[in-house]
Each structure stands twice: as structure tokens, then as C-alpha cells.
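Here are the chains, one letter per residue:
2 protein chains.
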Amino acid sequence: MKGAMSSLLVVGSVAFDTIHNHLGSHTRILGGSATYASLAASQLASVRLVGIVGKDFPKKAVDMFRGRGIDTTGLEVANGDTFHWEGRYSDDLTSRTTIQTDLNVFADFEPKIPESFRDSEFVMLGNIAPELQLHVLDQVRSPRLVIADTMNLWIDTALGALKELLSRIDMLVINEEEARQLSGFHHPLAVAEALRALGPETVIVKRGEYGALLFLDEDIFCAPAYPLKTVADPTGAGDSFAGGFLGYLAQAGHDDLRQAVICGSAAASFCVQDVGIGALENLSREDIEQRIREFRQLTTF
Amino acid sequence: MKGAMSSLLVVGSVAFDTIHNHLGSHTRILGGSATYASLAASQLASVRLVGIVGKDFPKKAVDMFRGRGIDTTGLEVANGDTFHWEGRYSDDLTSRTTIQTDLNVFADFEPKIPESFRDSEFVMLGNIAPELQLHVLDQVRSPRLVIADTMNLWIDTALGALKELLSRIDMLVINEEEARQLSGFHHPLAVAEALRALGPETVIVKRGEYGALLFLDEDIFCAPAYPLKTVADPTGAGDSFAGGFLGYLAQAGHDDLRQAVICGSAAASFCVQDVGIGALENLSREDIEQRIREFRQLTTF
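These protein sequence lines are chains Z and U, in that order.
When you number the first sequence by my numbering, it's gap-free, plus one each residue, and the end is 301.
When you number the second sequence by my numbering, it's gap-free, plus one each residue, and the end is 301.
Each hint should be verified, as a subset may be incorrect.
Copies of one chain are not kept apart here, so a pair can be met inside one copy or by any two copies together.
[Claimed, not checked] In silico DMTMM-like links for lysine to aspartate or glutamate, alpha-carbon gap of 20 Å or less: (1) 112 - 289; (2) 229 - 219; (3) 229 - 86; (4) 60 - 138; (5) 163 - 138; (6) 229 - 218; (7) 229 - 92; (8) 229 - 193; (9) 229 - 177; (10) 229 - 121; (11) 60 - 115; (12) 229 - 164; (13) 229 - 138; (14) 59 - 217; (15) 59 - 138; (16) 112 - 86.
Calculated from the structure, these hints are not laboratory results.
This one's a predicted model, so the numbers in the text were calculated from it and none came from an experiment.
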């Protein structure tokens, strides 16, 4: 993991989360898909963050991003409050219910890509409305790799725009349940075949505590999740996976998608070990490299 | 995979299954834990089958076992009918409901280990009442390796006997949901630690379409399931896994548990591709070896 870092544009939500789980209640902690993905990638790539926050967004959070080398030129500060989500996890953390969603300034988010970001080589379109993801694509010049996440809300309410998006991206990274919903199939090869027929050359299916599957042409790679004794908070694990994955690829000279999946899995495994971004804000490149070695020990036969 | 085969004693159910699934209804097809495990192991080890059937059990089924090199000396034929189970799978095959269970001769099963089987080096105690599994252990002399499966029924109704069994076996192979129930934990390391504290040095957690986890001391191995486009019938997959696993170890000179897990996963992947034992009754050692190579391609990074 050496060499010059490439530029990685991350677009998504920057939010406050109030999380109730087996460890207690965690009020208005920093969250959002772009937050997790940016932090996970920050030690690997030159991250350029695009998102929107309100006037209530604390300077110390912006400083934390900057301290991790993240370029916050694209973090728009709008009149109003920052996006706030409140939810409660089941005791085994396998499901969660939303208590309240206050979109606030996020309701009018129209991602504006600063001129200095438009040459980004790698683009991560975090889980926002597919219309907005398309709007980002219209503003970047000629990225080497575009990856997008999505969710059931957009499959249900914006399928047309989502399909247009899928025809324009290189990779889709998606939760297994939503991959099944979007494809109409259950078993992995059928799911991947149907999703790739919609456009993306590569599909990554995120399976939570069961790891991830990578599909590229006839090539399939199965990555486990890192086995843990306890999990503090699964919030942001999928976004951390995407950040670690793209961060790996954005390191100069790396094009091994399998290694990138493992790097993403390593980032996700750190993410869930603490509440919110607790484990990510101090994560080092060495931490990730050590965990990648542990993944090799876990899977070699 | 060369060398003389060691003896593998398989004790469990031999049954007729009536299965309703997305492919239709399959009436009174050959099934049972000992059937699946024996067939999966039969090309790798010298399998000795112990079970009970009724007068209605067809000679051609016995001939099929023998044709696969399985010693049926221990297959008791009792007055009455063979154990019959009828169930219906959900369309995605992730759940099933029992329509009818006719224990028939299985209700009075007391496994009698033929004298010629008592020197068996490897013992698989399929999922039957733990009292009966203990009764088998009392009859074998000094096996090198004893592995047992169990289920929620015995956790609920025979926990004392199950705990005694766990203190006397080398390995527990158990479905993830039941592993969580028995251990009282959710996350894999906590589950394994609690189960190993009950006796077995090694624990294998079967995760269905997500593969298997092997725990031995501090060593953990994550094996994926073989990704498929369609699944015909998951019945017997866990027993095929155990058969392939022990069959691998029973091959002379093999003691690599990781390779054995992959061999079990290969056997299970064939099992689910056809209804009942359809894919197992003609499975060759070469088929398994080829699939093990595919598993390496699936997991290497």
C-alpha cells in the first residue's frame, strides 16, 4: 500500500444520528453515508467530500474531517439544521426501526461539485436519490471508476432514474436484501446476472455479518465478514465497506478488486466495533493492513 | 486425495421424505441424516451405516447404498414402517414447515453397533436424541474423532443429556440458529467460546447459504457456500456437509480441518442442486476435487 494517492470524490449524506441500542442511547452523533465512506477511505486516498449540513453543524466535526486529510470544499453549509435520523436497533442488531427522520437541509440537497473536484478519478455515489446521483455524474469530467449504492426507497419510488443511473456506472454496491428486490431473484448468481444486465460491469452484494460477494464477468469472489465477539453498532458498516473498497483502488497502482473487497471488509469490521464513527476517526493505514493479513489467515486453505 | 480409506461410522436417521417445494411435490423419496452423510462420504471413506428402517424399505435403496461401497450391516430392519417426514419449503427455500412426522420404527430406535463396526476410527453422530448418541459412544472402542450434530428439539427437551454428550465428543457441528440458542450469544466468537466451554475442542457453525465457520483454539476459518444460480432442494445439505467433512478426514493422511470444511461445503453444494439424494448418488471423488478447486478460486485474494 504505497505510492501517490488518487482523488476520490464521495457524495452522500452528512448527518446527526440518534441511536438506541443494547449499549444505551447515543444522541446526535456524527453519521451519514458520506461521513462513514470518507473516513474509511481517508488514510488510503485523497478524499473530496460533497454533502450538505446546517448552521448547527459543529466546527469541530469539520476540523475532524480536515484532520483526516478530507477536503471539505464541497461541504455546503445551508440555512437550517443538519439532517437528523433517530432509530432503535434490536438487541441482536440484525434489524432496526426508524423513530424519526428530519431531512432538514438535506431535503433540498442538490450536489454542487466544486470546479476543483470535477477531475476526480474515483467517484462514490452514496445512497441518495438516483436523480441526485445522476446530477453528480453530469458534473464530473471523466472518472476512471464510478460506484453507486442505493436502497429499497429508490427501488420503490424512483426506479426509472435508478435504471438510468445503473446504465451509467461501473459498479453497483448494494445490500443483499435490496439486490434481491431489484433483481427479482434470490440466489446469488441469478441476482448478479440480473443486476449486471441493468448496466454495471461489476456488482458487489453486501451481506452484513456474512461478508460480501463480488461479481465481475465470470469471476466471483466470496469475502467473509471479520468474526467478532461483540458488535457495538452496525450503523455505517456498508458505507465504510464502500469507502475502504474505493480507497484501496484509489491508491496508485492498485487494481485488484479482490484485495479491495477485503480492504472494504476490514474497514467495515472496525466500524462496527465502536458506536458511530468512534473506531474510524483514529483508524490508521497500519490497522487496515494488519486486518487484511488476518482476513488472509481466516480464509486460506 | 489418495491412500487407504479409514473407517467412518455414521449413525442417524434413514427416512422417507415427502417434500413440497417450488419444483413440485416429491413423494416418499429417500432421505434422513445418515443417508445424506453416508452418501456424501462414500467416495472418500469406508462408510459403515447404522440406522433403522421398516419392512417397507425397498431393496433397491439398500442396493444403492451398497453400490456406493457403504456397509449396511448396521441397518436394522424392524417390524413396521420406515420413518416418514413431510414438509413444505417457502419459495425462496429459506424456511420450511412440517406437515407430518411419522416416526414409525424410528420411535423405538436403539442404535446397535455391530461388532465389526466397533473399531471405527471416525464416528459421526447424526442428529438423533442425545441419549441415543451417548448409547452409540458407549459401544465404540477408541475412535480417533467423534463429531455430533444436534437440533433445537434436543436443546429444548434433553439439555442434560446433550451437555453430557458435548463433554464426550471432539467436534460439534451445528446450525447457526441452534448454536445461538444453545450458547445464548449472537456473534460468532462469543457463540464458539460458549460452545467450546461445554466440551468439544472444535466447533463448526453451519450458516446455510452463507457457508460455515470453523473454530479450533484461537484458529478460525471462514468458508463460503458455493454460489449457485438456482437451488433445487436444501434438504440434507447440513448432513452432506458433515459427511464430506468427515469423509475428507477419514482419507488416510489427511488432518487439515480447513480442507475438510471445504470438502464438506463442496458435498453440500452438490446436494442442494438436485432434489433429495439425486445429486449425491452419482457423485464422484473427481466431482468433489473439481469443486474444491473452484472454492479456492472463489476465496483467494
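Results for each hint:
Within a single copy, residue 112 and residue 289 get their C-alpha atoms no closer than 34 Å, and across copies no closer than 54 Å, so neither meets the 20 Å cut-off. When the C-alpha separation of residue 229 and residue 219 is checked against a cutoff of 20 Å, the pair qualifies only between copies, where the shortest distance is 14 Å, while the shortest distance within a copy is 32 Å. In this homomeric assembly, residue 229 and residue 86 never come within 20 Å of each other (Cα to Cα): the closest approach is 26 Å inside a single copy and 38 Å across copies. Neither within a single protomer nor between protomers do residue 60 and residue 138 lie at most 20 Å apart by alpha-carbon distance, with minima of 32 Å and 68 Å respectively.
Within a single copy, residue 163 and residue 138 get their C-alpha atoms as close as 16 Å, which meets the 20 Å cut-off; across copies the closest is 63 Å, which misses it. Taking the shortest Cα distances, residue 229 and residue 218 sit within 20 Å of each other only across copies (13 Å), while inside one copy they are farther apart (35 Å). Proximity of residue 229 to residue 92 under the C-alpha cut-off of 20 Å is restricted to the intra-copy arrangement: shortest distance 12 Å within a copy versus 30 Å between copies. Within a single copy, residue 229 and residue 193 get their C-alpha atoms only as close as 35 Å, which misses the 20 Å cut-off; across copies the closest is 9 Å, which meets it.
For a Cα distance limit of 20 Å, the shortest separation of residue 229 from residue 177 across copies, 16 Å, qualifies, whereas the shortest one inside one copy, 25 Å, does not. In this homomeric assembly, residue 229 and residue 121 never come within 20 Å of each other (Cα to Cα): the closest approach is 38 Å inside a single copy and 34 Å across copies. In this homomeric assembly, residue 60 and residue 115 never come within 20 Å of each other (Cα to Cα): the closest approach is 26 Å inside a single copy and 77 Å across copies. Taking the shortest alpha-carbon separations for residue 229 and residue 164, neither the intra-copy value of 42 Å nor the inter-copy value of 26 Å comes in at or below 20 Å.
Proximity of residue 229 to residue 138 under the C-alpha cut-off of 20 Å is found in neither arrangement, the shortest distances being 44 Å within a copy and 36 Å between copies. Proximity of residue 59 and residue 217 under a CA criterion of 20 Å is satisfied in neither setting, with 45 Å inside one chain copy and 47 Å between copies. Taking the shortest Cα distances, residue 59 and residue 138 never come within 20 Å of each other, neither inside one copy (30 Å) nor across copies (71 Å). For the homomeric pair residue 112 and residue 86, neither the shortest alpha-carbon distance inside one copy (27 Å) nor that between copies (60 Å) is at most 20 Å.
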